[in-house]
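Could you build the full structure based on these sequences and the hints that come with them?
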Amino acid sequence: MITLKNLSKSYGSFKAVNNISLHVPTGGIFAFLGVNGAGKTTTIRMITGILKPSTGSIYLGGYDLLADPLQAKAITGYIPDRPNLYPKLTGREFLNFMCDLYRVPGKHAERRIDEVLEEYSLTQWQDELIESFSHGMKQRLATCAALVHDPRVLIVDEPMVGLDPHGARNLKDAFKRYAKAGVTIFLSTHSLNVAEELADNLAIINKGAILTTGTLDDIRELTGKHDEGLEDMFLELTSPSVEH
Amino acid sequence: MRARKRMSIVPILLQPRLLTIKNRWLKSGKRGLRELSGAALSLGLMYAIYSSTLSTLRDAKLLLPQVTLDPTIPLSVMFMTLSLMISLSAAVSAIGALFLAKDLDLINATPVSTEGFLFARSCEVGLSVSWMVCIFAFPSLIAFGAFYNAGPIFMLAGPLLCALFFAVAVCVGMIVAIVVASLLPSERGRPLFLSLALLAVGGFVLYMNGFSTAETLASEEPIYQLERLTSVTMNPWLPTTHCAHAITALLRGEYTIPLLAAIESLGAISIGAFIMRFLCTLLYDRGLARARRTGTMFKIHSRAAHRMSRILLPLSSASTRAIVTKEYKVFSRDLTHTVQLALLLGLTFLYLYNYQVLQGPSNVSEDVMAIWNIFLLLSNIALGSMVVTSICSRFVFPSISLEGQSFWLLQAAPLSIREVLKAKCKSWTLPVSCIGGVVFISGAMALNADLPLVLASCAAGVIICHGLVGLGIGLGAFFSQFEWEHSTQISTSLGSFIFMMMSMIVLSLNMVPLGCMFGAYLLFPELQSAPDSGLLVLSAGLLSTYLLNKGVARWALSTGAKALQNT
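For the record, the sequence lines run as chains E and C. Just so you know, my numbering puts 129 at position 129 of the first sequence, and the rest follows in order with no gaps. Just so you know, my numbering puts 71 at position 71 of the second sequence, and the rest follows in order with no gaps.
Any given hint could be a false lead.
[As the list claims (entries may be wrong)] Result set (DSBU-like, lysine-lysine): computed pairs, CA atoms no more than 30 Å apart in a straight line:
no., chain 1, residue 1, chain 2, residue 2
1, E, K15, E, K207
2, E, K172, C, K22
3, C, K426, E, K88
4, E, K225, C, K426
5, E, K107, E, K15
6, C, K61, E, K88
7, C, K562, E, K88
8, E, K107, C, K422
9, C, K61, E, K138
10, E, K52, C, K562
11, C, K22, E, K207
12, E, K15, C, K22
13, E, K138, C, K102
14, E, K5, C, K426
15, E, K15, C, K562
16, E, K52, C, K61
17, E, K52, C, K426
[Claimed, not checked] Under 7 Å between C-beta atoms, here's a sample of chain C residues computed to sit facing chain E:
no., residue
18, P16
19, S319
20, A413
Everything labelled a hint here was simulated from the structure, so no lab data went into it. Heads up, the beta-carbon is just placed ideally off N, CA and C, and yes, glycines get one too.
This is the structure:
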């Protein structure tokens with residue numbers, strides 16, 4: 001569903017992402033892990049079409065993002081790490097705006113908005129301005145906006161930031177449900193326990209390059225630590241003293 | 001000791017702004033180069049203003065060798081225009097800097113005194129509007145100095161006196177901002193906006209009724225009419241007149257009047273600072289609380305509002321409708337926009353009221369009358385377009401940058417950047433054309449022009465509005481900056497100034513087809529008696545204007561789209 005081929009992004013002489021290639025199969029949750037500044041957000045911004053890659057190509061649902069960006073973006077939903085939304089719109093107005101941008105037909109849009117607002121407990125706030133929302137509410141609204149057009153690919157950057165334990169639990173359950181329904185979720189996170197709990201496959205990125213990719217068992221095999229959790233393997237792989 | 005502490009806090013509070021500018025210039029690659037080229041353009045413009053002022057003064061001396069040219073009148077006109085512009089810009093910047101800036105929480109949590117905070121913010125606002133003084137006032141002053149062979153003392157003291165005077169205008173802007181923000185809470189933007197619309201309609205009706213009084217002035221000779229207009233700026237009670245007299249005295253080598261004017265300005269600044277401090281104690285917390293209050297005065301029915309947008313914009317695509325509706329909603333709910341609109345509408349009425357005086361003389365030959373009418377019709381379009389340009393520089397140019405941190409929503413959505421720019425262009429063309437249309441029709445009717453000429457002026461004005469809106473959106477995208485501290489920074493940026501300069505060039509280009517159109521229609525009376533030929537001339541003129549403005553808008557939009565894609 002998501003294919004990255006020799007993807008790079010350079011800022012002058014600095015290579016933020018260095019020639020990475022990945023394949024994420026349809027359905028399921030793919031965790032994208034890395035330390036701060038490893039290149040996770042840059043990669044995600046390229047996959048969502050916000051940032052232009054310096055070299056390489058990106059395929060979403062078979063559509064080439066660079067050659068056919070509108071088709072590729074139409075099947076994608078994006079939940080950013082910082083929910084910067086339009087503060088002067090109400091929650092419902094914002095979702096209507098997103099439905100129109102993604103060309104969701106009128107009546108279906110109304111129904112979907114009701115559904116997602118209900119699912120993320122925002123129905124009673126739907127007519128309030130977003131500027132009056134708490135961080136967690138904004139994060140939930142951003143999630144609603146990413147889901148309102150029923151995307152086939154969901155790109156998520158640090159989803160648990162600002163969520164209370166109830167919100168975090170609900171979101172994790174929702175991700176499992178979507179994955180079961182055939183949505184491909186590309187999840188970038190610092191929370192290794194979240195990745196361990198949710199991910200079917202994962203990749204670890206460090207200094208702009210992919211260190212390893214596969215299932216948790218594959219990585220255990222690679223590091224030779226058969227009885228240890230993801231945290232230990234991650235720390236060993238991304239340790240500054242280890243040469244890869 | 002305490003005063004010393006207060007003073008030292010000012011550079012600390014200004015530091016982030018200055019470092020941001022430095023970093024933007026040095027560390028942002030292509031964008032830094034773009035801004036550097038903008039600065040070079042500004043320097044070129046300063047030189048152009050200097051040389052054109054000097055050559056105008058020399059030409060005037062050649063034309064009227066016996067007359068001693070008194071610099072007080074042009075200087076007082078320039079000071080009045082600039083002080084109005086600076087007060088308006090300062091008021092808008094001050095609302096942002098005092099009540100809406102993102103760093104307010106950080107500063108309020110630090111041990112900074114009210115005086116220190118106020119002084120630092122005044123300096124910031126003063127710096128943000130200082131480009132108007134540097135670019136327009138200083139070169140003109142130096143040109144006057146060169147023409148009147150003034151010594152080096154004038155070259156140093158003249159700009160200093162001028163800067164002191166404009167600091168008073170900044171104080172006035174700051175005071176207006178504190179009062180406005182404490183009286184008009186941000187959540188009442190929409191009712192205020194509607195009240196303004198009603199006021200505008202009422203003002204227009206009153207203006208149309210005012211024609212009868214204006215007709216009595218029509219019998220005057222143009223020179224007297226011009227004198228009547230300029231004499232307004234020479235009122236001895238106006239501070240601008242004092243400043244103009246002081247500069248004139250300085251040109252003559254007299255120092256007592258300039259010294260008194262400098263003391264006067266310093267006194268006014270001190271009084272202004274005192275009023276500001278007093279108002280701050282009285283109103284700042286109230287204003288800040290109101291600006292931070294996030295509730296709405298009326299319940300918003302989002303579902304009904306969305307259905308309404310579908311009815312009002314039935315032919316637009318869903319994405320265009322989404323952007324247009326979003327633009328109007330955000331605009332009507334933002335206090336800074338509404339305040340700017342109020343001030344600009346006030347200026348527009350001032351302009352229209354003054355324009356009524358400039359009607360044609362009755363006791364001249366038909367040829368002279370026709371040329372006078374062509375001049376007036378063209379100047380109506382030119383001056384009206386300048387009003388539209390100032391509206392565009394406040395609302396249209398910042399439109400892309402105002403997306404701010406939310407721009408990712410449009411970048412990630414399945415629509416191209418060009419579509420986004422086009423939708424923004426559509427959003428703004430209608431309101432700007434409506435305001436422009438009213439200004440152009442009012443101006444043409446005030447001149448007692450024939451109906452076809454009134455309609456042609458209106459059509460030409462609307463076409464020019466389309467070009468200016470396209471230019472504003474395109475250049476706004478080209479000079480976009482999404483990381484602003486407060487939204488009003490964008491309309492006072494260098495990019496906004498370059499937009500205004502480019503608009504002037506576009507306006508000058510428009511004068512060619514429009515001049516030919518009005519010239520052909522008014523200089524050949526047989527065209528007026530043969531409706532078909534007259535219509536043909538007007539249509540040809542309007543078509544040329546349309547093609548020109550369409551071209552400008554297309555060029556600007558594609559340049560802006562390319563710049564945004566490469567960001």
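Hints breached by this structure: 2, 4, 5, 6, 9, 14, 16, 18
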